[in-house]
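One-letter residues, chain by chain:
There are 2 protein chains.
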Amino acid sequence: MNIELIGEEIPLLEGIRTARAIRRLKPDPVPIALIRKVCEAGTFAPSGGNRQPWQFIAVTDRERRAYIASLYRETFTQYIQPAIEAAKAPDYPEAKRRNMKAAIYLAEHLHEAPVHLFVAGWTRRGAPQSQALFPAIQNVLLACRAVGLGASLTTAHRAHGEAIDRYLGLDPEKTPSIALIPIGWPKGRFGRPTRRSIDTCFFENVVPAQSKD
Amino acid sequence: MNIELIGEEIPLLEGIRTARAIRRLKPDPVPIALIRKVCEAGTFAPSGGNRQPWQFIAVTDRERRAYIASLYRETFTQYIQPAIEAAKAPDYPEAKRRNMKAAIYLAEHLHEAPVHLFVAGWTRRGAPQSQALFPAIQNVLLACRAVGLGASLTTAHRAHGEAIDRYLGLDPEKTPSIALIPIGWPKGRFGRPTRRSIDTCFFENVVPAQSKD
Chain A
1 MNIELIGEEI PLLEGIRTAR AIRRLKPDPV PIALIRKVCE AGTFAPSGGN
51 RQPWQFIAVT DRERRAYIAS LYRETFTQYI QPAIEAAKAP DYPEAKRRNM
101 KAAIYLAEHL HEAPVHLFVA GWTRRGAPQS QALFPAIQNV LLACRAVGLG
151 ASLTTAHRAH GEAIDRYLGL DPEKTPSIAL IPIGWPKGRF GRPTRRSIDT
201 CFFENVVPAQ SKD
Chain B
1 MNIELIGEEI PLLEGIRTAR AIRRLKPDPV PIALIRKVCE AGTFAPSGGN
51 RQPWQFIAVT DRERRAYIAS LYRETFTQYI QPAIEAAKAP DYPEAKRRNM
101 KAAIYLAEHL HEAPVHLFVA GWTRRGAPQS QALFPAIQNV LLACRAVGLG
151 ASLTTAHRAH GEAIDRYLGL DPEKTPSIAL IPIGWPKGRF GRPTRRSIDT
201 CFFENVVPAQ SKD
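Here the protein sequences line up with chains A and B, keeping their order.
FYI, the numbering for the first sequence is 1 to 213, going by the working numbering.
FYI, the numbering for the second sequence is 1 to 213, going by the working numbering.
In case anyone wonders, no lab produced these hints; they're calculated from the structure.
Treat the numbers as computed from the prediction; the structure is a model and nothing was measured.
Take these hints with a grain of salt, some might be off.
For lysine-lysine, the following DSSO-like pairs were computed, each having C-alpha atoms within a straight-line distance of at most 27 Å [claimed, not checked]:
#, chain 1, residue 1, chain 2, residue 2
1, A, 101, A, 26
2, A, 101, A, 187
3, B, 174, B, 96
4, B, 187, B, 26
5, A, 96, B, 174
6, B, 96, A, 174
When you get a sec, could you build the whole thing from the sequences and use the hints?
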């Protein structure tokens, strides 16, 4: 497998349109060089003053992933319970129900995901510069799409953020982890995610009064 | 010009690696359908609970752009003055000096940029969900790269945020604008931006003690 050549063909706009969150992942290992490649794509994102505030920590060790998954599951159960109840209503939208099922699957199987990729970043004036990391995070998600890896963006680990940061060797005050991206070979297929039409949210010059909601 | 076909060929990873900020723009007009296309790419970004909190406002009207540029320039002059002084030092890094020159150029010529694209988003519990918008913003920047448009990410308009939001027809409490992306045909070329090596910020399992900042 020549890592340098993998995923170099897929067109940018097609990739953007079909990079849906993939939460059902095979447990098979992923070459660390391929994870390095998708993280390198992250580094080409813009950042204020080109400060490049990111760090990428790819957790591959089985025991470490089990520990992270146990903390994640704990948060997820508390956080999602009201949503699971709400989803029992007969008029609950089908697309949302599918998303929730996938999120529950991820929480139950997180320990099996071969890579737990954390993106961490510098703080500034005591506050995490999380918005400075999200362009890089999006690049990583798109690069996963390009090389054929399933990935999704989660932040639920933040409920145990300080413990997890220390476990990763990060100083929670200086370089907290902002996102956890579980990565692996996809069980399902890439595809266009459900979105409202661009015409509901695109305006020239001024937003008309009736669209303000 | 068939808008649907423009930019569909460029590969994703190559686009990510060469989407440097382009701040020198030609004043020539850009078809609004092409701006709609790059914003549509924005809508395929992930958002928590698939809430899709974004609105895109493309300001093309000449007088409106002049007004926005005047407010932007005012902020920029105050904000950048210390940096301009610092850049006079003989040991100031050349790459940073080039970036600063381009930022000054943008501030002086913003009224000429044919499109001032604002990305606005819903607030939640009174706070702007800016981090929820940055994946979409990065998609827009990459889509500009794909279709051959120059673009860069700025947030300096926020110093006059409330005035600008009202001018755009946005409620500053409910859907503040987060980013201003000036867009136009590039005067220069796309290219690989200056970045430190991925090996300085990529770690497996644990960040070693000596790499913590």
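inquiry  = Which constraints among the numbered hints does this structure fail? Numbers only, ascending.
reply    = 3
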